[in-house]
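Here is how the chains run, residue by residue.
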Amino acid sequence: MTATLNPLYRFDTLVVGAANRLAFTAAKAVAESPGTVYNPLFIYARPGLGKTHLLMGIGHAARAINPRLSVEYLTLDEFVESFHAAVAAGQGEAYRRRFSDVDLLLVDDVQFLTHRREMQAELLRLSDALQTTNRQIVLTSDRPPAEIEALDERLIRRFAGGLVIDISAPDYETRVAILRRKAEERRASFGEGVLEAVGSLVIDNVRELLGALNRLVAFQAVSDTPLKPAQARALAGGTDTSDKSEKTERSPFPTKKADKTEPASKEGAEGVDEFGDFLSEVSATVAQQVDSWRTKVAAAILRWEGEGFSTTRLEALLQQEMTTDPEQVLHQFESDVRRLQALHAEASTLAPSLAGSSAFRDPEDISGAEAITQRARQGAHPPPAPLPIWRLDDLFESAGNRMALQAARAIVTDPATRYNPLVIVGASGVGKTHLLHALGNGLAARLKAPVACLSAHEFTGELIEAIDRHAVPAWRARYHSAAAFLLDDVHLVAEKDRTQDELFVLFNYLVESGRQMVFTSAVPLAEMTTVEGRLRTRLEGGLVVDLPPPEREIRQQVVERSLQAKVGTSDPELASYVGSRPVESVRAVHGLLQRVLNAAEAQGATPTVALAREVLEGSQPKPPRRPASSRSSGVVGAAGGTKSREKMVWDWPDIGDRIVEEWR
Amino acid sequence: MSLVNFTAREITCKIVYYGPGRSGKTTNLQYVYGRVPESRRGRMVSLATQTDRTLFFDFLPLELGSISGFTTKFQLYTVPGQSYYNATRKLVLQGADGVVFVADSQARRFDDNLESLQNLQDNLLAQGVDIRQLPVVFQYNKQDLPRDLILTQEEMDDALNFRSVQSFSADALHGAGVFETLKGVSELVLKRLAAGSAVA
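These protein sequences, in sequence, are chains Z and U. Take the first sequence: its position 224, counted from the start at 1, is 224 in the working numbering, and no numbers get skipped. So the number in the working numbering is just where the residue sits in the second sequence, counting from 1, plus 664.
Because the hints were derived from the structure by calculation, they are not lab data. There may be inaccurate statements among the hints.
Claimed, not checked - Distance windows between CB atoms, simulated:
hint	chain 1	residue 1	chain 2	residue 2	range
1	U	Asn669	Z	Gly306	28 to 34 angstroms
2	U	Lys737	Z	Asp12	33 to 39 angstroms
3	U	Lys737	Z	Gly90	54 to 60 angstroms
4	U	Lys737	Z	Asp77	38 to 44 angstroms
Cβ coordinates follow ideal geometry from the N, Cα and C atoms, glycine included.
Put together the whole structure using the sequences plus the hints.
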């Protein structure tokens with residue numbers, strides 16, 4: 001299982017020299033902010049140079065800064081063993097989870113990954129899991145990643161993606177410093193020059209150095225006389241390494257000692273260190289600065305992934321060790337994402353079904369997203385059009401409707417300039433809807449663009465549906481795109497606050513963009529008290545025309561045309577009679593005629609004035625047997641319980657019309 | 665000059681040693697040259713007059729090797745301190761990533777220091793560089809001279825270092841403070857990487 005951290009292996013017990021300064025600096029940076037600076041941090045050095053000390057030091061320091069941090073230290077062997085044990089116990093997943101939740105994972109001796117394919121894969125997976133969650137991983141090895149035999153190329157890249165740093169053998173000064181500190185820890189004191197003599201030996205393994213110190217301590221404990229430097233050197237396993245050659249080797253600038261008080265060897269050693277120190281510091285700074293790009297890229301990946309975008313480009317950047325300017329790539333990526341967001345917003349407005357589509361999540365495929373948006377633009381759902389069966393030319397003009405008709409014609413000739421909006425007010429059944437659709441068809445032909453024509457009831461229904469589908473913007477866009485807007489029965493928006501709001505906003509939009517609007521109302525505007533004043537006054541601001549009940553002349557013409565259409569003959573006498581009946585609307589005229597035709601059909605006779613008189617004035621004939629097969633329209637009789645004839649549906653649209661409506 | 669070239673994966677820092685004549689700029693470079701392993705240093709170019717004054721400039725290229733995958737090079741320049749070589753100074757100063765102002769600590773050179781600092785400011789300004797935006801450190805050289813001849817580091821700071829940037833006392837002849845100064849300016853220069861201001 002996971003080993004505990006050796007309490008003696010802390011940063012403050014580590015002797016830092018030129019050889020390990022860079023590694024120490026990096027280790028400290030990692031301990032101070034795990035997961036952000038160098039991740040992973042890979043430290044390699046020959047055995048006995050302080051890798052484990054540094055690794056555990058990171059653990060101690062990180063815990064000292066943040067006691068809640070979860071830190072795990074283990075050697076690779078432990079890692080392997082416990083994984084095998086977990087797999088054997090069927091707990092492989094739990095084991096993985098456990099390590100994925102560690103904030104700071106310290107793995108020692110990873111060189112033992114050699115030829116262990118499954119553990120390499122495991123470490124790769126773990127390393128990725130930790131890195132994506134900004135958790136730190138630090139590894140040590142006795143050789144650089146590339147030299148670990150049969151190591152997965154991906155692992156080598158991952159390691160290289162962080163910071164790979166080595167610790168070299170300690171120099172003379174460091175060796176002496178280590179010996180002094182260790183001697184002090186053991187409360188052993190030596191004569192002058194003893195430790196320096198040992199330090200001058202080329203022992204570049206700290207463990208061996210400490211072994212030598214142990215021998216000195218042991219010898220001195222049993223000896224009566226203090227150790228001499230020469231003895232110490234012999235004890236420490238030194239041969240005849242002469243002081244001179246040693247100093248010469250370490251003093252590249254012996255000639256400069258003339259005017260100096262310090263010994264030449266020391267000055268020379270400092271000279272070498274000065275550049276080494278400088279190099280270490282520069283390396284640390286550069287690594288830190290370069291790494292800040294890496295951190296930035298990683299942060300961008302987290303961010304955009306979190307928002308659901310594919311980040312393969314940025315991931316590739318990390319893999320490539322930044323062959324290009326990462327700032328530029330980040331910038332480009334961000335602008336691509338913004339473009340996708342804009343396309344997504346537009347497309348989902350045009351076609352709500354595209355909202356949330358994954359096609360708008362891949363910055364590598366902007367052209368695909370653009371193509372989808374383009375298709376959405378082309379196939380955008382058009383607003384409801386006027387029914388094509390009604391035409392302005394088919395309307396009979398009379399003294400009563402002349403003003404309305406002239407206004408309608410003026411609008412078709414000159415949309416949105418003379419009367420905007422036009423409001424047609426009239427009782428039910430006088431032909432408002434007929435006129436509205438006819439006007440709509442006229443405008444559509446004139447503007448050569450889609451015209452929205454629908455009833456207020458449908459308008460509210462669509463709005464409710466849009467709210468339900470969270471597609472109100474798309475719904476609005478449909479009407480914004482209409483070249484003209486014609487709304488039947490505007491009085492029905494009364495007490496429908498949201499519809500009124502939407503209508504108000506749409507009204508303003510259409511006025512500003514110079515589109516024609518036409519409304520019909522069965523209620524005089526002044527009586528529409530439950531319609532918001534701001535909307536009502538806007539309607540009043542246009543041209544309000546009354547459509548009075550049809551005169552006898554009109555009624556007669558309507559009957560004539562209807563007879564022509566239904567029976568195929570024109571009977572002026574019958575038309576005159578039916579047209580003279582005192583009714584208030586065209587719809588009622590149609591109702592009267594229909595009753596006569598039904599009676600005629602029931603008797604198998606042709607409709608005549610006599611029959612009409614009998615049906616409309618005399619006793620009501622027995623209700624005819626209904627040959628349902630041949631009827632396409634009829635009367636909802638009084639038997640249906642409806643009191644007012646005005647409220648009855650007299651004319652059912654034929655099946656063809658209904659199909660058109662359904663389709664729309 | 666671009667500090668970091670991500671395409672070529674190269675970091676190049678140009679550091680200019682500026683200051684009045686005979687303040688020890690060339691000595692700084694010579695000391696560095698002497699401490700750099702041969703493999704790391706390029707040939708030091710020094711154009712001097714017969715009396716050993718820098719005529720044109722000194723140039724010391726340092727190859728720091730590959731750091732985090734970037735080939736890192738430092739180029740150390742000195743300018744001729746004598747006031748009549750201003751054209752050369754301007755030329756050398758062009759594209760500098762950082763400046764070490766080497767001041768002579770001797771009290772009698774007080775005015776020369778001020779004049780040279782003013783000159784540095786003017787020359788930078790002429791190139792559109794605000795001295796406040798450029799990494800600059802001060803080195804007060806010749807601090808090894810007898811106390812009564814020189815101003816202390818504090819006094820020098822008071823006189824020259826208005827913006828309280830990093831300053832180092834030095835004895836360039838014997839090397840004291842030379843690498844400290846170089847480290848100080850290098851760190852400032854390299855840290856600009858993070859700000860992205862000098863990124864190619």
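Hints, verified against the model:
1. U:Asn669 - Z:Gly306: 28 to 34 angstroms: Hint holds: Cβ distance 32 angstroms, inside 28 to 34 angstroms.
2. U:Lys737 - Z:Asp12: 33 to 39 angstroms: 36 angstroms, holds
3. U:Lys737 - Z:Gly90: 54 to 60 angstroms: 57 angstroms, holds
4. U:Lys737 - Z:Asp77: 38 to 44 angstroms: 43 angstroms, holds
Checked against the numbered hints above, the structure breaks none of them.
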